[in-house]
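Visitor: Those sequence lines, one after another, are chains A and B. Each residue of the first sequence is one higher than the last, beginning at 1 in this note's numbering. Each residue of the second sequence is one higher than the last, beginning at 1 in this note's numbering.
Simulated from the structure, these hints should not be mistaken for laboratory data. Any given hint could be a false lead.
Which copy? The list can't say, so a pair holds if one copy fits it or any two copies do.
In silico EDC-like links for lysine to aspartate or glutamate, alpha-carbon gap of 20 angstroms or less [as the list claims (entries may be wrong)]: (1) Lys167 with Asp206; (2) Lys175 with Glu423; (3) Lys80 with Glu428.
Keep in mind it's a predicted model, so treat the numbers as computed, not measured.
Protein chains: 2
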Amino acid sequence: MTQLESARQRTITPAMQRVAERENVTSTFIRDQVGRGRVVIPANVNHLPPNGRLDPIGIGRPIRTKVNANLGASPVASSKEGELEKLEWAVRYGADAVMDLSTGGDLNEIRQHLLANATVPLGTVPIYEMIVNRPVEALTPAIILETIERHARQGVDFMTLHAGLLKEHLPLVAKRTAGIVSRGGSLLARWMTYHNRENPIYELFDDISAILRQYDVTYSLGDGLRPGCLADATDQAQMAELRTLGELVQRAREAGVQVMVEGPGHIPYHEIELNMLVQQELCDGAPFYVLGPVVADIFPGYDHITSAIGATAAAFHGAAFLCYVTPREHLGLPTRDDVRMGCVAHRIAAHAADIARGLPAIREHDDAMARARAALDWPRQFELAFDGETARGLRDGALPEEADYCGMCGRDWCAMRITRDLERERNEAAANQSVPPRE
Amino acid sequence: MTQLESARQRTITPAMQRVAERENVTSTFIRDQVGRGRVVIPANVNHLPPNGRLDPIGIGRPIRTKVNANLGASPVASSKEGELEKLEWAVRYGADAVMDLSTGGDLNEIRQHLLANATVPLGTVPIYEMIVNRPVEALTPAIILETIERHARQGVDFMTLHAGLLKEHLPLVAKRTAGIVSRGGSLLARWMTYHNRENPIYELFDDISAILRQYDVTYSLGDGLRPGCLADATDQAQMAELRTLGELVQRAREAGVQVMVEGPGHIPYHEIELNMLVQQELCDGAPFYVLGPVVADIFPGYDHITSAIGATAAAFHGAAFLCYVTPREHLGLPTRDDVRMGCVAHRIAAHAADIARGLPAIREHDDAMARARAALDWPRQFELAFDGETARGLRDGALPEEADYCGMCGRDWCAMRITRDLERERNEAAANQSVPPRE
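Model the full assembly from the supplied sequences, consistent with the hints where possible.
Guide: Put into structure tokens, the structure is as follows:
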């Protein structure tokens, strides 16, 4: 039984208990949200203990916003060890889940290696493997089902499947500035055009659902027509596919399979709220998993920032799961340090949005930091910092270890210190006044 | 006559003409906005040609959002050459204005050196110099007026003056988590407490206005009680000072002096819109100059990102001028590379917000980039990138110079390429169909 089916039977699974514990809510609350499809727990039975090391998480609006980091080798750069190191860095710097998007090297080996080591949910885009060493036109239903079944058996927790991109949507792409920017989407468009047939992932949806149900793999319904630039945002192509994704959400749930929906991409800041509302409406509250969105196109090299801006707005207005974008987006595969920057930037977005959404207890950490700053307690500040090591490194190295000031203003110009002294004097004055006169 | 007084007499100055040209609007439009106080042109008569090298800019909601970079030596680190280099980097990476916040070294020399070289407006916080080598308690009206007059004579274009922090506001600080985090604010609080008298900057306001009017220095009314953590945001202390700042806006305008108003600081994401609306209402549309705001407290080392997120929301909802925050905020004085990161992050915020506000022609640059991406034209992408050098450096160095793909997906997996090929095939098929049959 999947988490969804268990929840419908009012059963609380160990995974639901663990998610409740992490989120500091009751397990009945998590069960009810999973039952309604508002929260998913991507937890393949073969990745959960005792088969695997997964420590399950929940994804959905009623709980904290989650962050995904994309890993994976490409034909241009690939190494099993390199990807494992990136996995470690991703988790260390705030990723709640990872995707293995490998398109080069020994895909099976890299995936199994990552799955064996990942304590976080791991997702894949099976179509990538389907067309390694094979022209996309040669893709058959048998290859599709076999590949998905193998990923599921290996323990993959969620899969991006571009089931909502239909043949009838393709003419809408011609009007676009940047066309199709999703790899999976462009491959399926090629297949449909070549064969003049409907998207095979769409046609095989019931068979695929049966496989995912067996291992409790969560659908991540891919948006093959996500806009790849501001000019294409919220256009007919994007909206047409989203309507189909909304129908597939219902079909997945009817099949007992957990489901989330993927979203853009590139969106101007003022259109983000609208995009989030439309998705929640069309997809009946299925968790929205967005890539960014980036809010400007002219900042390659800094797209972790254009993306963190959009991701904060998205998480505030309706997204539940943020796929990171690294500084190397649009340019190359991320290095270990790009992974760090991407993870931290989107952890910031998730945290800022969760504070703004008023989730319980989320700001306690920030308030503790504010108190440490007011107390000029630097060791405590580094302890509370999300990345204390980096913060410590940026503090002026010339300062004595025990200095209770920083290099911004120096000791005597420190507003915190002046305020603290003023406060102390005020308190002393008050104390003196309240001392009873001597006899 | 100040720009404000000229505008009121319906005169279009050369500075207004230049601003109109930069913003691609009519000079009458700029004149009218300056006359209403909705746009300021910080342009000291001694910094404008022929006395100086200033190329004037406008700041206000009707035109593009501007970015400020803080420079300046501290007692801990100071060098004239270092600050000049930072000035160059700031302008190169998108600063529209700079502030010299020096509190160490030879303040007069550094300031004059920066002014002689700055083609962008330069601001100062004169109280810093007033208390170098002097306890703040020793500050007198004569020192205050003399220092402001000297800065004005030297060509400073705008000055932060904490005139709105009143004695009656100080008890409101006691309730705070982080007290006063503005250096100027804390110094004046100390003075007021020591002398048990009203803020001298407030009391001297008319005299100060007379000096600023003479050189056409723009007021940047400082927020000495800006919140220094999320817990203190939008509190009574902040709002009480803001009401006083609103009154001073009217008094400055009556004196013929241009005026903008400074704002926070640290604000949770969901309170930013409210903060912007309240300021615009209380300050009668005077340009709002915000520091960030940062939207989380636990990310020292990454506060250019927490700040860019808040700055985008601020610029979308009402701010006109964004003071950058660098990765070293809360830790130390920025290096040259911190200046670059801070400038780019806030240039992103300004640009994303201006797109969202629908300013004319602002997105053309992004659309050109989208076309270059779709065409796989890499040289053009680097040309259009805001920081093409950094973008070029991040692209996989192993790729041949003329490669029309990147290291993310490699050549064959490129969605852009697949889409382009599909489009070409579709067009060829259509062309073949439309060829008339041979005779």
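Visitor: Decide, hint by hint, whether the structure agrees.
Guide: Evaluation of the provided hints:
1. Lys167 with Asp206: This pair counts as within: shortest intra-copy Cα distance 19 angstroms, inter-copy 72 angstroms.
2. Lys175 with Glu423: between (64 angstroms within a copy, 11 angstroms between copies)
3. Lys80 with Glu428: neither (64 angstroms within a copy, 43 angstroms between copies)
When held up to the earlier numbered hints, the structure conflicts with hint 3 and nothing else.
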